[in-house]
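The listed protein sequences correspond, in order, to chains L and H.
Just so you know, we're using the numbering used here here: the first sequence kicks off at 1 and counts up by one.
Just so you know, we're using the numbering used here here: the second sequence kicks off at 1001 and counts up by one.
No lab work stands behind these hints, which were simulated from the structure alone.
Note that the structure is a prediction, hence the values are computed from the model and not measured.
Cβ coordinates follow ideal geometry from the N, Cα and C atoms, glycine included.
Mixed in with the good hints there might be a few duds.
Taking beta-carbon pairs under 8 Å as the criterion, some of the chain H residues facing chain L (in silico) [as the list claims (entries may be wrong)]:
#1 M1110
#2 F1322
#3 T1323
#4 T1325
The calculated lysine-lysine pairs, modelled on DSS-like cross-linking and capped at a C-alpha distance of 27 Å, are [claimed, not checked]:
#5 K1210/H <-> K1490/H
#6 K1265/H <-> K1275/H
#7 K13/L <-> K1265/H
#8 K1227/H <-> K1131/H
#9 K1275/H <-> K32/L
#10 K1159/H <-> K32/L
#11 K9/L <-> K1312/H
#12 K1476/H <-> K28/L
#13 K9/L <-> K1490/H
#14 K1476/H <-> K1490/H
#15 K1312/H <-> K3/L
#16 K1265/H <-> K1240/H
#17 K1271/H <-> K32/L
#18 K1078/H <-> K1026/H
#19 K1275/H <-> K6/L
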Amino acid sequence: MTKINKLFKQELKIINMGLESFNENLKKQNIKTVHVDWKPPARGNEKMISLLDKLK
Amino acid sequence: MAVKYLIRENAYHDSVTLMIITREAKKIEGVNEVIVGMGTELNKELAGNLNLLTPELGKITPNDFFISLDSVYDNIAKKAFALVDELLSKKKVESEDYQPSTFESALKYMPDANLVLISLPGKYAAREVKKALLNDKHVMLFSDNVTLEEEIELKKLAKQRGLLMMGPDCGTAIINHVALAFANVIRKGPIGVVGASGTGIQEVTVMIDKLGSGISQAIGTGGRDLKAEVAGIMMIEGIKALQYDPLTEVIVLISKPPDKEVARKVLSILKEGTKPSVVYFIGGDPNMIKEYGSIPGLSLEDTAHKAVAITKGVTIEDFTGFTVTEIDKIIQGEANRLNEKQRYIRGLYTGGTLCDEAMIILSALVGDIYSNIPLKPEGKLSDINKSYRHSLIDLGDDEFTRGKPHPMIDPYVRQERILSEVKDREVAIILMDFVLGFGSHPDPVGTMIPYIQKARESAAQGGRYICMISSVCGTKTDPQGLIGQEKRLKEEGVIVMPSNAQAVRLAAEIVLFKEE
């Protein structure tokens, strides 16, 4: 069985990154979620972000 | 001009929250213009356009929060800043749960998470998607502004690892009966959907529900999946998963006309399987679909009708008519209330694919249609804010939503537009969609009613009646409730049709009857 078909049989557990309203809507549907309090990495400095990515 | 501003470094809030707060702050008397946002290049440009950009604001970064407003009164500025703080803190109280600050820490907190829903600004999204896929998590990517190269790379990675990568720009999916982003509450049933269009999936799944059937899964792919470059990677993976899924009996595909080679590939995958399928390539050629043994849909509604007919084992027929009784009476009655000069239809759409579908149906019945998203280049409106002859407007298109919330979240752009449309003496019919479900405005009909009334009064002052036709894409079990929303439209004299296709057909029939 593929991972997608396995997913169809599981309870959804969701990490939400971005719009908080999407997380609220999931909670209204009694879905277990964790919302990430995201901020642009490296204060949004793109050169710094690509350097950080290379370091990892 | 008296610009007053406030900057908070390192205080991030999502764009939709801030766009809605901007609208609230603008309502304060004495505030001429206001922008509340993060210090992105786009927001700085928008602030500049409103003359609200100061040298200090020019220096801030995308994770610095700012408010900038024009008001001659200091106390008004204080009031606005306080209101913004109040709305933001209300948000915080609503979300008391632990909120980790990175994907990595979220993963530690919920190691058994199986799906990551990402709606971050596009330029940051791909790196987070990659992390999710490398950790064996399925992804739904709502964000747009993700490059085609990134999309291809991420989808290849997802395929290699056997994962879903729905998106980018994927607005709708229903996985295991959970509505993700913009989606309706649909009954469980035997129809599996894979779609490259958000409101296309919404309308088909809603119609399936209205016909008494239901869905197994609705997988979104994002609008570019069937382009030659992406080669339908996710649609093919989606089809394969539905072919293997014991709860799916019929497969439905929805997409704008795909690249021909990709269409052949997708259709041949369907042909290899044992399950019947209905395919609607919106405005595409139905013959190729038939050649591969699939059944072509003629509209979103017809697609739903055919899929349901297959599951019920009844004859599969084209549905291009009406399910409303005494339709001729409605057509004649409305046509007779219009004066001689009133002959044009103006469609004010919040759902992009619903607008596409409307243009296809309408152009076949009444001829040339003008739009901001035209079927043919010659149908492009020279000014998107000014309709011409029969015009159908997608108010959710980028040109209308730059720095503003999508009209399905906040339909204010349509409120103003309906008032300007009815001033045109040649306008006969206003056509509107109302999209319900999770993600959408909590009361889309309610936001329009005062403007529907104003529009009617304005036309009446000119001695004209305006025919208003709508369809509500929603179910009885949606958070907004279909029945209540429809009832309030009917109370305002707005004709409510059961589908977008029928609403468009009715508008055309009224215009044609008048011409006879």
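Can you list which hints this structure breaks, lowest number first?
2, 3, 4, 7, 9, 13, 15, 17
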